[in-house]
Amino acid sequence: MTDLRGLSAMVVRIPSSAMILTAAMHSELTRPAGDAIERFRHGDLNALDVILPQYRVRLYRFLLRMVGEPALAEDLFQQTWVRVIEKISSYNARYNFDSWLFAIARNLAIDHLRRKRGFSLDVRDEQGEAPVERMAMPGPDPLKEVLDFERGSILATALGELPAIHREVLVLRFEEEMKLEQIAEVAGVPLSTVKSRLHRALAGLRRRVAEQLSMGGNK
Amino acid sequence: MNGHETIRAMLPLAAAGALTRGDLAAVEQHAATCSLCARELEVLRLYSEGLRDLPRPMVPAGLMQRTTARLVQERAAAAGRRRQDLTLGALALFSWSLAAVSWILVRVFTGGVWIVLGANLADAGTWFLASALLAWTTAGVAVVALGKHHALVRRIL
Amino acid sequence: MSRIREELQVVPTAAWIIAFAVYFSLAAFLSLGVLENSLWPIWGRALFLAGLPLLPAVGVLLIGYVNGDARRRGMRHVLWTLLAIFIPNAIGIILYFILRDPPMRHCPKCGATVRDGFAFCPACGTAQAQTCPACRHAVEPGWSHCPSCGQGLQAA
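Protein chains in written order, with our numbering: chain A, 1 to 219; chain B, 1 to 157; chain C, 1 to 156.
Derived by calculation from the structure, the hints in this document are not laboratory data. By construction, the Cβ of each residue, glycine as well, lies at the ideal position given by its N, Cα and C atoms. Careful: at least some of the hints might be erroneous.
Claimed, not checked - Simulated restraints, written as ranges between beta carbons of each label pair:
hint, chain 1, residue 1, chain 2, residue 2, range
1, A, His-42, B, Trp-114, 44 to 52 Å
2, B, Gly-89, C, Phe-118, 27 to 35 Å
3, C, Ser-2, A, Thr-157, 43 to 51 Å
4, A, Asn-107, B, Phe-109, 58 to 66 Å
5, C, Asp-101, A, Gly-43, 27 to 35 Å
6, A, Thr-157, B, Gln-29, 32 to 40 Å
7, C, Leu-82, B, Phe-109, 23 to 31 Å
8, A, Gly-43, C, Leu-39, 37 to 45 Å
9, B, Arg-52, A, Leu-191, 16 to 24 Å
10, A, His-42, B, Ala-9, 53 to 61 Å
11, A, Asn-107, C, Leu-82, 46 to 54 Å
12, B, His-4, A, Gly-160, 31 to 39 Å
13, B, Phe-128, C, Thr-131, 50 to 58 Å
What the hints assert, rightly or not - The following residues of chain C were derived to be distant from chain B, with all beta-carbon distances above 10 Å:
hint, residue
14, Arg-105
15, Thr-126
16, Ser-148
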């Protein structure tokens, strides 16, 4: 079973295995355990016993969507929590813990992608997507023609092809169901930027889906 | 105010559920009459639902154990690094103090004059310069001889 | 605090003796010159006499520590002691602290000294750390893949 006792280097015994098992069995809580976060903020690392399982699925899923590779997503997941422990002393309780956590994860993911493929991917597309948005889509959208169960994989593929900053907005809005204001906090940009990225992201998504379906020779 | 173009710009936000109640009502009101916008909105809603219903990827088994193991390790490593930084800082201070003390002793033992290679080593500036030069040269030679260059880079960085 | 005590025990007894000898002889020698000096106040002179020889004495203790610590880490202790002595201004000592090997561990079964990074004990073969199921190299608990052969690792 997981042994978190080493974390605090104190001789405080908590039935951590019991706590983790219970937490893992419950579905993800939408409200983070506020007092666990308070305890963590004041240096009680055992509070992570409660916090970590709550964010496990959401955080991993977000990172996996951003970088696409499970092994890499796990490494970034671990790195995120290392950073969280390092920076918890500078965390201001006024901010939402969710946003702060996701901002750290997001920055790690973006840094990695930037190093891997170069930055131009974001900038160029930021400009390039604009004219597309203006065009009216002729005819019915091809996604409608697709069977329900195929829709998921087509969307996921198209999502993976988007530039990181667009993918980020879509994932945070639709999978994590964050408010736009919160997304703005996570991404560290103004609300208006989030809105315009959302526009461009959806337009880009539709374009890529259309490309996929026309190239795949489906119907 | 709520012209066609304005509403058209708000459609993606409407589909994403990111509009205020008032704006959303305005959009729906417009879409009731404008077939272009209605169709567009429908498509956007399709995409929104598609994204919301994306199958959740599985979390790999043992993620929690590996993560907590790594966190424990990182804590220990960070503590070790901090300890080493403090030790090296103290030693650097000690090094300078020792240089000063040895200068004092040189002055005391040589009565204020010690000429080596034309320079008076009992003079403060000369002494510090000479001893630092000697120290760094011998240290550099030692590092090269030990063949520990890679370790040096790894440990310091 | 017990950590400091533990570290102090690393210094060999000979070094303690030499350190005290250096301290007192230096203090004695300086007192010959300083005590008559009337330019300085009495407490200044006392401080000088008591404080100044402290540094070379501490230097001797540090050299002793290098000797003992290098020995217990399985390093070339003679070489490192000489470097600590002959590289001036304690730079040799600083060099040691930067470059020293990690501490050796003991095999939980037979007690033999085992270097850091060893996957198995060289004396009795007991596993010292988790190993990759495929290539048997040592792996750390936080990893999901073996860095030597790329094999995926099961949760512990």
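### Task
Just tell me: holds or violated, for the beta carbon distance of C/Asp-101 and A/Gly-43 against 27 to 35 Å?
At roughly 33 Å between Cβ atoms, A/Gly-43 and C/Asp-101 fall inside 27 to 35 Å, so the hint holds.
### Query
Do the Cβ positions of B/Phe-128 and C/Thr-131 conform to the proposed distance bound of 50 to 58 Å?
53 Å, holds
### Task
With 16 to 24 Å as the target window, see if B/Arg-52 and A/Leu-191 comply at their CB atoms.
Because 22 Å falls inside the window, the suggested range holds.
### Beta-carbon spacing of A/His-42 to B/Ala-9 - inside the hinted bounds 53 to 61 Å or not
46 Å, violated
### Query
Does C/Ser-148 really sit off the interface, with its C-beta more than 10 Å from all C-beta atoms of chain B?
18 Å, holds
### C/Leu-82 versus B/Phe-109 beta-carbon gap, inside 23 to 31 Å or not
24 Å, holds
### Query
Could one say that the CB atoms of A/Thr-157 and B/Gln-29 fall in the range 32 to 40 Å?
36 Å, holds
### Beta-carbon spacing of A/His-42 to B/Trp-114 - inside the hinted bounds 44 to 52 Å or not
59 Å, violated
### 31 to 39 Å as the expected CB spacing between A/Gly-160 and B/His-4, which holds or is violated
34 Å, holds
#### Entry: A/Gly-43 versus C/Leu-39 beta-carbon gap, inside 37 to 45 Å or not
The hint (37 to 45 Å, Cβ to Cβ) is violated, given that A/Gly-43 and C/Leu-39 are roughly 53 Å apart.
### Task
Return holds or violated for the Cβ distance of A/Asn-107 and B/Phe-109 against the range 58 to 66 Å.
Hint holds: Cβ distance 60 Å, inside 58 to 66 Å.
### Task
Evaluate the given range 27 to 35 Å for the C-beta pair formed by B/Gly-89 and C/Phe-118.
32 Å, holds
The structure shown violates the earlier hints numbered 1, 3, 8, 10.
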